[in-house]
Amino acid sequence: MQTIAPLWLWGFFVATVLVALFIDFVVLKKQGAHEVGVREALRWSVVWVAVSFAFNALFWWAVKDTTGDVALANTKALEFLTGYLIEKSLAVDNIFVFLMIFTYFAVPAAYQKRVLMIGIIGAIVLRTLMILAGGWLLQQFHWILYVFGAFLLLTGVKMWWAAGKEPDLEDNPALKLLRRLMPVSKSFDGEQFFTVENGKRIATPLLMVVCLVGVTDVIFAVDSIPAIFAITLDPFIVLTSNVFAILGLRAMYFLLAAVAAKFHLLSYGLAVILAFIGTKMMLIDLVKIPVVASLGVVVGILAVTMVLSVRTAPKLPVR
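In this text, residue positions in the sequence shown follow this note's numbering: the first is 135, and each later residue adds one.
It is worth saying that the hints were derived from the structure and are not from the lab.
It cannot be assumed that every hint is accurate.
As the list claims (entries may be wrong) - Below, in silico cross-link-like pairs of lysine-lysine (DSSO-like), each with a Cα-Cα straight-line distance of 27 angstroms or less:
#1 334 - 320
#2 310 - 320
#3 320 - 292
#4 422 - 198
#5 310 - 334
To be verified - Simulated DEER-style distance windows between Cβ atoms:
#6 195 - 314: 39 to 45 angstroms
#7 173 - 438: 25 to 31 angstroms
#8 417 - 192: 20 to 26 angstroms
#9 310 - 251: 23 to 29 angstroms
#10 328 - 195: 44 to 50 angstroms
#11 201 - 321: 55 to 61 angstroms
#12 180 - 142: 24 to 30 angstroms
#13 145 - 255: 17 to 23 angstroms
#14 310 - 417: 37 to 43 angstroms
Glycine included, every Cβ here is placed at the ideal spot set by N, Cα and C.
With these hints in hand, go ahead and build the complete structure from the sequences.
Below, the structure is given as structure tokens:
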């Protein structure tokens, strides 16, 4: 797999992610179990976005310094930004599913942060493996681009059809499988994943939630990773834009959970984005859509969808 990123930038990326996770875990351990407020979530969201943009600026400089080509550096930086925005936007739908899982299991707000942190680490590991495997497959078999494109297009149609409908978690195959594989207690035991009942060590509902969050993220990654490969075939850009978007997922969850009802039309916008990217991928050898145009389409669809969502948001009952 070929990438334009120099080797030292790979090392810097890995070190940045490890330091970010270390800091997050230290803060998490210091704070203990507590409910994350909107202000705290907003502060962390700003931090993660700033770190992502700073890394993109460093990436631009590295490409320019290595190749001496400013135009190429601009293109690669735009590819990173587009991939980052695609992953961020698709993560919104992922967050709504997390919210549904937490609500279904009545997970106390104070315990949700730890679940999301563990989910983020699992997501980084699994997505890295998926991106490396996907990059190798695309390098070996060009026709897989068409398969990915058709899959994204069909996923977009399916997402549009399912938008606005309340998913039924009780019929979730993963939940049914987990319940068959492990006995689960009826109540939480703090932030513990296992507890003892009648002398037997069994799982708590929190472990079930972590497993479902992990499965959900993998399912969404099947959509988002091919979508970013449609923008660029550089595995470094696909991986870094994906991971930096994931690092801010926890803060983004607590930020959007408070205003989820206001973005009730967002799933329609995400469906259109997936359909657009899938179509672009299937026509990649016939029509070359510039990265700037792709970025404009994604931003435009998100902007229109969010404005319409806010204007038509159902009014909350006055307490």
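Consistency of the hints with the structure:
1. Note on residue 334 and residue 320: the hinted pairing holds, with a Cα-Cα distance of about 14 angstroms set against a maximum of 27 angstroms.
2. Taken as a hint, the residue 310 and residue 320 pair is honoured in the structure, with Cα atoms around 16 angstroms apart against an allowance of 27 angstroms.
3. A threshold of 27 angstroms between alpha carbons decides the hint, and for residue 320 with residue 292 the separation of about 35 angstroms lies outside it, so the pair is violated.
4. Distance hint between residue 422 and residue 198 is fulfilled; the C-alpha atoms sit about 24 angstroms from each other, no more than 27 angstroms.
5. With a CA separation close to 22 angstroms, the supplied pair residue 310 and residue 334 stays within the 27 angstroms bound.
6. In this structure, residue 195 and residue 314 break the distance hint of 39 to 45 angstroms, their C-beta atoms being roughly 53 angstroms apart.
7. Checking the proposed 25 to 31 angstroms range against residue 173 and residue 438 shows it holds: the Cβ atoms sit about 29 angstroms from each other.
8. Taken as a hint, the range 20 to 26 angstroms is violated for the pair residue 417 and residue 192, whose Cβ atoms sit roughly 33 angstroms apart.
9. For residue 310 paired with residue 251, a C-beta distance near 26 angstroms keeps the hint of 23 to 29 angstroms intact.
10. Between residue 328 and residue 195 the beta carbon distance is about 48 angstroms. The supplied range of 44 to 50 angstroms therefore holds.
11. At about 59 angstroms, the beta-carbon gap between residue 201 and residue 321 stays in the expected band of 55 to 61 angstroms.
12. Hint check: residue 180 to residue 142, Cβ distance near 28 angstroms, so the stated range 24 to 30 angstroms holds.
13. Checking the proposed 17 to 23 angstroms range against residue 145 and residue 255 shows it holds: the Cβ atoms sit about 20 angstroms from each other.
14. The hint said 37 to 43 angstroms for the Cβ distance between residue 310 and residue 417, and at roughly 39 angstroms that hint holds.
Checked against the numbered hints above, the structure breaks hints 3, 6 and 8 and satisfies the rest.
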